[in-house]
Amino acid sequence: MKRRMPPRRLKLVLILTILGASSLALLAWTQVWIKAEVGLPDAGTQVLEIDGAVAAPALTALALSGFALAGALTIAGRVIRIVLGALEMLLGFSVFLAAFLALEDPAQASAAAVTAATGIAGHESIRLSVLGTVVTTWPFVALAAAVIMAATGLAVILTSARWPGPTRKYQAVRFETVASPDGPDTIAPVGHAPVELAPNDSVGDWDDLSRGEDPTAR
1 MKRRMPPRRL KLVLILTILG ASSLALLAWT QVWIKAEVGL PDAGTQVLEI DGAVAAPALT
61 ALALSGFALA GALTIAGRVI RIVLGALEML LGFSVFLAAF LALEDPAQAS AAAVTAATGI
121 AGHESIRLSV LGTVVTTWPF VALAAAVIMA ATGLAVILTS ARWPGPTRKY QAVRFETVAS
181 PDGPDTIAPV GHAPVELAPN DSVGDWDDLS RGEDPTAR
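Residue numbering for the sequence shown is 1 to 218, as defined by my numbering.
One or more of the hints may lead you astray.
Said to hold, decoys possible - Distance ranges between label pairs, derived from CB positions:
id, residue 1, residue 2, range
1, Leu27, Leu128, 30 to 38 Å
2, Gln46, Glu104, 18 to 26 Å
3, Glu124, Leu90, 30 to 38 Å
4, Leu40, Leu16, 41 to 49 Å
5, Val47, Ser23, 23 to 31 Å
What the hints assert, rightly or not - Each computed DMTMM-like pair below joins lysine to aspartate or glutamate, with the alpha-carbon atoms no more than 20 Å apart:
id, residue 1, residue 2
6, Lys35, Glu104
7, Lys35, Asp51
8, Lys35, Asp105
Everything labelled a hint here was simulated from the structure, so no lab data went into it.
Ideal Cβ positions, reconstructed from N, Cα and C, are used throughout, including at glycine.
With the sequences and hints as input, model every part of the structure.
Take a look at the structure:
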(Lines of atoms letter the chains of each structure in order from A; the text may use other names.)
(Lines give C-alpha, C1' and ligand atoms only; values in the text may rest on other atoms or scores of the structure.)
Protein backbone atom coordinates (compact mmCIF):
# COMPACT_ATOMS: atom_id res chain seq x y z
CA MET A 1 0.00 0.00 0.00
CA LYS A 2 1.44 3.38 -1.02
CA ARG A 3 2.23 5.69 1.90
CA ARG A 4 0.87 9.20 1.91
CA MET A 5 3.28 12.13 1.86
CA PRO A 6 3.95 13.58 5.34
CA PRO A 7 2.04 16.84 5.98
CA ARG A 8 5.10 19.07 6.22
CA ARG A 9 6.61 17.69 3.04
CA LEU A 10 3.26 18.03 1.27
CA LYS A 11 3.05 21.70 2.27
CA LEU A 12 6.62 22.33 1.13
CA VAL A 13 6.12 20.58 -2.21
CA LEU A 14 2.94 22.51 -3.06
CA ILE A 15 4.42 25.87 -2.12
CA LEU A 16 7.57 25.18 -4.14
CA THR A 17 5.42 24.09 -7.08
CA ILE A 18 3.55 27.41 -6.99
CA LEU A 19 6.86 29.29 -6.90
CA GLY A 20 8.21 27.21 -9.78
CA ALA A 21 5.12 27.68 -11.95
CA SER A 22 5.10 31.42 -11.28
CA SER A 23 8.78 31.62 -12.17
CA LEU A 24 8.11 29.74 -15.40
CA ALA A 25 5.32 32.14 -16.34
CA LEU A 26 7.55 35.12 -15.56
CA LEU A 27 10.38 33.65 -17.65
CA ALA A 28 8.03 33.09 -20.58
CA TRP A 29 6.87 36.72 -20.30
CA THR A 30 10.44 37.92 -20.96
CA GLN A 31 10.96 35.83 -24.12
CA VAL A 32 9.99 36.27 -27.79
CA TRP A 33 6.50 34.90 -28.48
CA ILE A 34 5.81 36.00 -32.05
CA LYS A 35 7.89 36.93 -35.09
CA ALA A 36 5.73 39.13 -37.30
CA GLU A 37 6.55 40.20 -40.86
CA VAL A 38 5.14 43.67 -41.34
CA GLY A 39 4.66 45.66 -44.54
CA LEU A 40 6.01 49.18 -44.16
CA PRO A 41 4.38 52.30 -45.70
CA ASP A 42 7.28 52.65 -48.19
CA ALA A 43 6.50 49.14 -49.57
CA GLY A 44 9.35 47.47 -47.68
CA THR A 45 9.01 44.76 -45.03
CA GLN A 46 10.34 44.30 -41.51
CA VAL A 47 10.36 41.34 -39.15
CA LEU A 48 9.37 42.32 -35.61
CA GLU A 49 10.07 40.15 -32.58
CA ILE A 50 7.16 40.38 -30.16
CA ASP A 51 7.93 39.33 -26.60
CA GLY A 52 5.52 38.35 -23.86
CA ALA A 53 5.54 41.86 -22.42
CA VAL A 54 3.75 43.02 -25.59
CA ALA A 55 1.74 39.92 -26.47
CA ALA A 56 0.48 39.27 -22.90
CA PRO A 57 1.28 42.32 -20.72
CA ALA A 58 -0.79 41.09 -17.76
CA LEU A 59 1.39 38.01 -17.33
CA THR A 60 3.98 39.71 -15.13
CA ALA A 61 1.40 40.87 -12.57
CA LEU A 62 -0.17 37.42 -12.48
CA ALA A 63 3.19 35.70 -11.96
CA LEU A 64 4.19 38.11 -9.18
CA SER A 65 0.83 37.49 -7.52
CA GLY A 66 1.72 33.80 -7.47
CA PHE A 67 4.91 34.60 -5.53
CA ALA A 68 2.95 36.61 -2.97
CA LEU A 69 0.36 33.86 -2.64
CA ALA A 70 3.05 31.26 -1.98
CA GLY A 71 4.43 33.43 0.80
CA ALA A 72 0.98 33.81 2.37
CA LEU A 73 0.48 30.03 2.31
CA THR A 74 3.46 29.50 4.60
CA ILE A 75 1.60 31.02 7.57
CA ALA A 76 -2.06 30.66 6.58
CA GLY A 77 -4.60 28.73 8.63
CA ARG A 78 -6.90 26.10 7.19
CA VAL A 79 -9.72 28.39 6.01
CA ILE A 80 -7.31 30.92 4.48
CA ARG A 81 -5.49 28.07 2.72
CA ILE A 82 -8.72 27.14 0.95
CA VAL A 83 -9.24 30.76 -0.12
CA LEU A 84 -5.65 31.03 -1.34
CA GLY A 85 -5.98 27.74 -3.21
CA ALA A 86 -9.02 29.11 -5.04
CA LEU A 87 -7.11 32.31 -5.86
CA GLU A 88 -4.22 30.24 -7.23
CA MET A 89 -6.65 28.42 -9.51
CA LEU A 90 -7.95 31.80 -10.68
CA LEU A 91 -4.39 32.99 -11.36
CA GLY A 92 -3.74 29.85 -13.40
CA PHE A 93 -6.89 30.42 -15.43
CA SER A 94 -5.90 34.06 -16.04
CA VAL A 95 -2.39 33.11 -17.22
CA PHE A 96 -3.91 30.48 -19.52
CA LEU A 97 -6.35 33.02 -20.98
CA ALA A 98 -3.61 35.59 -21.61
CA ALA A 99 -1.44 33.07 -23.46
CA PHE A 100 -4.38 31.57 -25.34
CA LEU A 101 -5.52 34.95 -26.68
CA ALA A 102 -2.02 35.69 -27.96
CA LEU A 103 -1.92 32.33 -29.75
CA GLU A 104 -5.42 32.72 -31.17
CA ASP A 105 -4.71 36.10 -32.79
CA PRO A 106 -0.94 36.73 -33.17
CA ALA A 107 -1.51 39.79 -35.36
CA GLN A 108 -3.60 41.50 -32.71
CA ALA A 109 -1.14 40.46 -30.00
CA SER A 110 1.55 42.26 -32.03
CA ALA A 111 -0.51 45.44 -32.45
CA ALA A 112 1.45 47.62 -30.01
CA ALA A 113 4.79 46.73 -31.58
CA VAL A 114 3.43 47.19 -35.12
CA THR A 115 2.09 50.65 -34.27
CA ALA A 116 5.38 51.66 -32.67
CA ALA A 117 7.36 50.51 -35.75
CA THR A 118 5.11 51.73 -38.54
CA GLY A 119 2.72 54.29 -37.06
CA ILE A 120 -0.21 52.20 -38.29
CA ALA A 121 -3.12 52.04 -35.86
CA GLY A 122 -6.54 50.41 -35.84
CA HIS A 123 -7.45 46.74 -35.70
CA GLU A 124 -8.12 46.22 -39.42
CA SER A 125 -5.18 48.35 -40.58
CA ILE A 126 -2.78 46.41 -38.38
CA ARG A 127 -4.18 43.08 -39.55
CA LEU A 128 -3.62 44.11 -43.18
CA SER A 129 -0.08 45.30 -42.50
CA VAL A 130 0.96 42.02 -40.85
CA LEU A 131 1.94 39.79 -43.76
CA GLY A 132 2.73 36.72 -41.69
CA THR A 133 3.50 35.51 -38.16
CA VAL A 134 5.56 32.71 -36.61
CA VAL A 135 4.75 31.63 -33.05
CA THR A 136 7.60 30.41 -30.83
CA THR A 137 7.37 27.81 -28.06
CA TRP A 138 7.18 30.35 -25.22
CA PRO A 139 3.41 30.93 -25.32
CA PHE A 140 3.02 27.17 -24.88
CA VAL A 141 5.40 27.32 -21.91
CA ALA A 142 3.10 29.93 -20.39
CA LEU A 143 0.13 27.63 -21.02
CA ALA A 144 1.94 24.80 -19.22
CA ALA A 145 2.73 27.09 -16.28
CA ALA A 146 -0.95 28.08 -16.14
CA VAL A 147 -2.07 24.44 -15.96
CA ILE A 148 0.43 23.73 -13.17
CA MET A 149 -0.75 26.78 -11.22
CA ALA A 150 -4.41 25.81 -11.49
CA ALA A 151 -3.73 22.16 -10.60
CA THR A 152 -1.63 23.16 -7.59
CA GLY A 153 -4.36 25.51 -6.37
CA LEU A 154 -6.83 22.62 -6.50
CA ALA A 155 -4.36 20.41 -4.62
CA VAL A 156 -4.05 23.06 -1.90
CA ILE A 157 -7.83 23.06 -1.46
CA LEU A 158 -8.10 19.27 -1.36
CA THR A 159 -5.21 18.75 1.08
CA SER A 160 -5.54 21.82 3.30
CA ALA A 161 -6.85 19.74 6.22
CA ARG A 162 -3.64 17.70 6.26
CA TRP A 163 -1.28 20.66 6.46
CA PRO A 164 0.44 21.29 9.81
CA GLY A 165 -0.87 24.19 11.84
CA PRO A 166 1.04 27.36 12.80
CA THR A 167 4.06 26.89 15.06
CA ARG A 168 3.88 27.83 18.77
CA LYS A 169 6.07 30.90 18.30
CA TYR A 170 3.16 32.59 16.46
CA GLN A 171 0.63 31.83 19.23
CA ALA A 172 -0.35 34.54 21.70
CA VAL A 173 0.13 33.85 25.44
CA ARG A 174 -2.95 34.45 27.62
CA PHE A 175 -2.44 35.21 31.33
CA GLU A 176 -4.89 34.42 34.12
CA THR A 177 -4.90 35.43 37.79
CA VAL A 178 -4.83 32.41 40.11
CA ALA A 179 -6.14 32.74 43.65
CA SER A 180 -3.85 31.32 46.35
CA PRO A 181 -5.31 30.24 49.74
CA ASP A 182 -2.07 30.89 51.68
CA GLY A 183 -0.64 33.96 50.06
CA PRO A 184 -1.03 36.71 47.48
CA ASP A 185 -2.64 36.08 44.14
CA THR A 186 -0.39 34.77 41.38
CA ILE A 187 -0.48 35.27 37.64
CA ALA A 188 0.59 32.74 35.00
CA PRO A 189 0.16 31.91 31.33
CA VAL A 190 -2.47 29.26 30.72
CA GLY A 191 -0.84 25.83 30.90
CA HIS A 192 2.25 27.07 32.81
CA ALA A 193 3.27 27.17 36.46
CA PRO A 194 2.03 30.27 38.32
CA VAL A 195 4.40 33.11 39.14
CA GLU A 196 3.96 34.84 42.49
CA LEU A 197 3.16 38.54 42.41
CA ALA A 198 4.72 40.82 44.97
CA PRO A 199 2.12 42.49 47.23
CA ASN A 200 1.38 46.13 46.47
CA ASP A 201 1.97 47.89 49.84
CA SER A 202 3.48 51.22 48.87
CA VAL A 203 1.58 53.12 51.63
CA GLY A 204 3.12 50.90 54.28
CA ASP A 205 6.56 51.46 52.79
CA TRP A 206 6.12 55.25 53.13
CA ASP A 207 5.08 54.81 56.77
CA ASP A 208 8.23 52.78 57.45
CA LEU A 209 10.40 55.46 55.82
CA SER A 210 8.73 58.19 57.93
CA ARG A 211 9.68 56.21 61.05
CA GLY A 212 13.28 55.90 59.82
CA GLU A 213 13.01 52.21 58.96
CA ASP A 214 14.28 50.61 55.73
CA PRO A 215 11.36 48.76 54.05
CA THR A 216 13.76 46.75 51.87
CA ALA A 217 15.28 45.10 54.93
CA ARG A 218 12.11 43.09 55.58
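Here is what the structure says about each hint:
1. Separation of Leu27 from Leu128 is about 33 Å and conforms to the stated range, judged on CB atoms against 30 to 38 Å.
2. The beta-carbon spacing between Gln46 and Glu104, approximately 24 Å, falls within the hinted interval of 18 to 26 Å.
3. Our hint of 30 to 38 Å for Glu124 and Leu90 holds, since their Cβ atoms are close to 33 Å apart.
4. Look at Leu40 against Leu16: about 48 Å separates their beta carbons, and that is inside 41 to 49 Å.
5. The hinted range of 23 to 31 Å is satisfied by Val47 and Ser23, whose Cβ atoms lie roughly 29 Å apart.
6. A threshold of 20 Å between alpha carbons decides the hint, and for Lys35 with Glu104 the separation of about 15 Å falls inside it, so the pair holds.
7. For the proposed pair Lys35 and Asp51, the alpha carbon gap of about 9 Å is at most 20 Å, so the pair holds.
8. Pair hint Lys35 plus Asp105 holds up; C-alpha atoms about 13 Å apart against a cutoff of 20 Å.
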